[in-house]
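Q: Protein chains in written order, with the numbering used here: chain A, 4 to 287; chain B, 610 to 875; chain C, 367 to 645.
Derived by calculation from the structure, the hints in this document are not laboratory data. Using N, Cα and C, we set each Cβ at its ideal position, and we do this for glycine too. There may be inaccurate statements among the hints.
[Said to hold, decoys possible] Examples of chain A residues lying across from chain C (beta carbon under 10 Å, computed):
| hint | residue |
| --- | --- |
| 1 | 46 |
| 2 | 94 |
| 3 | 96 |
| 4 | 122 |
| 5 | 124 |
| 6 | 140 |
| 7 | 143 |
| 8 | 206 |
| 9 | 208 |
| 10 | 254 |
| 11 | 261 |
| 12 | 262 |
| 13 | 274 |
| 14 | 280 |
| 15 | 284 |
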Amino acid sequence: MSIQVNNITHIYSEGLPHQSIALDDVSFCAEDGQFIGIIGHTGSGKSTLVQHLNGLLKPKSGSILVSGTDITAPEVVMRDIRRKIGLVFQYPEYQLFEETVEKDVAFGPANLGLDEVEIQARVKEAIELVGLDYEEIRKRSPFDLSGGQKRRVAIAGVIAMKPEVLILDEPTAGLDPRAHRDVLTMIETVHAHENNIIFLVSHNMNDIARLSDKILVMDGGRLALQGSPHEVFSREETLISLGLSLPEPAKLINMARQKGIPAEGTVLTVEDAEEALYQFLKKD
Amino acid sequence: MIRDITLGQYFPGKSWVHRLDPRIKIIATLVYIAALFVAHDFLGILIAVGALAMVIAISRVPLSFMLRGLKPIFLIILFTFVLNLFMIPGKVMARIWILTITEEGLYMAFFMAARLILLIIGSSLLTLTTKPMSLTDGIESLLSPFRKLGVPAHELAMMMTIALRFIPTLLEETDKIMKAQQARGADFESGNIIRRAKSLIPILVPLFISAFRIAQELAMAMEARCYRGGKYRTRMNAMKLEARDFAALILMILFLAGMIAERILL
Amino acid sequence: MSEMIRIENLVFNYTREQDDEEISAIRDVSLTVNKGSFTAIIGRNGSGKSTLAKNINALLLPSSGVVYVNGYDTAKEEDVWNIRQSAAMVFQNPDNQIVSSIVEDDVAFGPENLGVEPEQIRKRVDDSLKAVNMYQHRKKAPHLLSGGQKQRIAIAGAIAMRPECIVFDEPTAMLDPKGREEVMSIIKELHQEGITVVLITHFMEEAAQAERIVIMDRGKIALDGTPGEVFLHRDAIQEMNLDVPLAVELSWRLRRRGIDIPEDIISMEEMVEFLCQYK
């Protein structure tokens, strides 16, 4: 499994006075099992980009190769793309509609035309993967659940389609710290279990730094930067000029360095910062 | 298709027509519609066309924009035309299969179609030159004398205000839900009518739930901002009639008088 | 200092729709908020913090206990408009609290309901929009604005009622980092101008900017004090599934490894200042 995005461009309201370039010559690739973080301020083109990966939007030019097949080609069957690439939108709990959790999660797999036995097996697996108790929750109405649970059921609805690529658009938006942690842990579990490619769109630099193998930085429809967390977050000035910031621990260490405090190594997470400060303070 | 409907759309501008008091414009539109029904021949229609052309010219709303509004109702106009053409008895002009065209029918067909077109353009001119919010204020103010008769003038206006505010929000919401369900493999385009109707459930259920949530939250937010109906309310933009409004009123009376005179005298 | 809000032994119960079960959202809370202060109320979803906010605004009424706002008892129906005028409220969802499709008309909504004179409303609307830096957008339609901008309009709508106190119910929960920053800086400005601020949030870094933090857990007040006092209880806070600011967390971790760090370090700046002594 691999995704190769070649020079895609997308224009909204083409030909009208308010036309705007939403994607401008974007290219990147993703390999099997990679965890890819996408960052950028609101309106930078992140959502437009991920909708292209799922075939919901078609580029004006350029191609998207999924394991060698160009999904922008006119003869491609949408169902085949959706089978391979799952997309979880922002606030996905607003798309729940069935009477029971079980039926709602089954909606995606049923649309793929799978048989009943297979659907049931997948529903069970997906509900358990997102950390919910299948027997306890399957017959309950999704509307009676807590906010965090609803979000997980909605994500299970996409996971049950067993996509080889899972895209999550700000899956933790609006959650409290506990539910936030739970959803992230769940994504890591799914990633480990399915060994799929994950795209995570997020404003939370701490999460992006901790989880990503590779980061794509969007700005004004262009791919402004791409690279490992270390490469991307060592460009503090560039990020700030794009309206973005560093993960908190990196910010702290940079502030300290500016005051002449020697702190060695790359600092992205709390653990890194702890180690750097410990090394500095224990000398005395 | 939805984009083509100019009825209810606002065309920003600063013309004399745009700046008229919304109440005057609403009354003028009603008078114009009444006048169209006073007209009984092509001379009357011609006067009505002239009056409308004058107002359109002053409003500086492009004519093409007005005509675009006719597109969605083209079928209705055609239907009216055909119905009159074949159904009016009188002196036979031509026969096609079992249908007959009479002289009177031809006359009426053109007359009715012209009346309908003027009616549509006349009323779209109101919405094209008046901001929805001013229109709402105008309706509230015009209806308020009838409050004693039990007409809920303020409540109607508030409902319109909220509807105007939330239509874009709900459209956006619909778009989001549709995309989300498509990503889960939903297919809205293929299959027979029953299948297609069924495929709307995954959109309609979440949409209704959203609408209820919005209503609930909005009601609470309005209460928190001391909303308690129209009783103690004042308005920031109190409407005041200006000299141009009176001038418009006089022109309007002259126009209606002219139309009535034409009908009686000629 | 005089009192803005006084809550005495507040209990709030409601019946859950799906199973008719009686739920206690607030269980015996007493709290006093002084005029001109900046209090953050923080807690998980379901901790009762939003229910508390709605009790302050008389949108919900106590099952038992009393809530006084500016001396008015919220249970007395005749004072409800005085209460809502003196303690205005800003809600979480920026979309669902804007009434009008023109920004300035929306800001006018509150004063109009209060029966203020037209010229006076005009002045209040202009002043409020300037206070949130949205005056240049006064003629726009709200749905064309960003989340942060919409939330600033909602704040302007509250300010235009000339309240002494504003209760913010998770005003940044649905915003991106930029919107969050915009709203927080407006909140701090309002506090500096003398408005009593009650900020309900689940972001600790926002709560840390207040003068006082009240942590709610399962319908009760778990911790109450200045940020410095509250963050001494790092373990208890984590157990309630809330975060502590990074500097507090790092100090705690380093202390565990035998390094002596003073307990009053809360912000990054304070941390850096401390580190500089060891240069």
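Q: Does each hint hold? Answer for all of them.
A: Structure-based check of all given hints:
no., hint, in the structure
1, 46, "holds (8 Å)"
2, 94, "holds (9 Å)"
3, 96, "violated (13 Å)"
4, 122, "violated (27 Å)"
5, 124, "violated (29 Å)"
6, 140, "violated (14 Å)"
7, 143, "holds (9 Å)"
8, 206, "holds (5 Å)"
9, 208, "holds (9 Å)"
10, 254, "holds (7 Å)"
11, 261, "holds (8 Å)"
12, 262, "holds (5 Å)"
13, 274, "holds (9 Å)"
14, 280, "holds (6 Å)"
15, 284, "holds (5 Å)"
Against the hints set out earlier in the document, violations occur for numbers 3, 4, 5 and 6.
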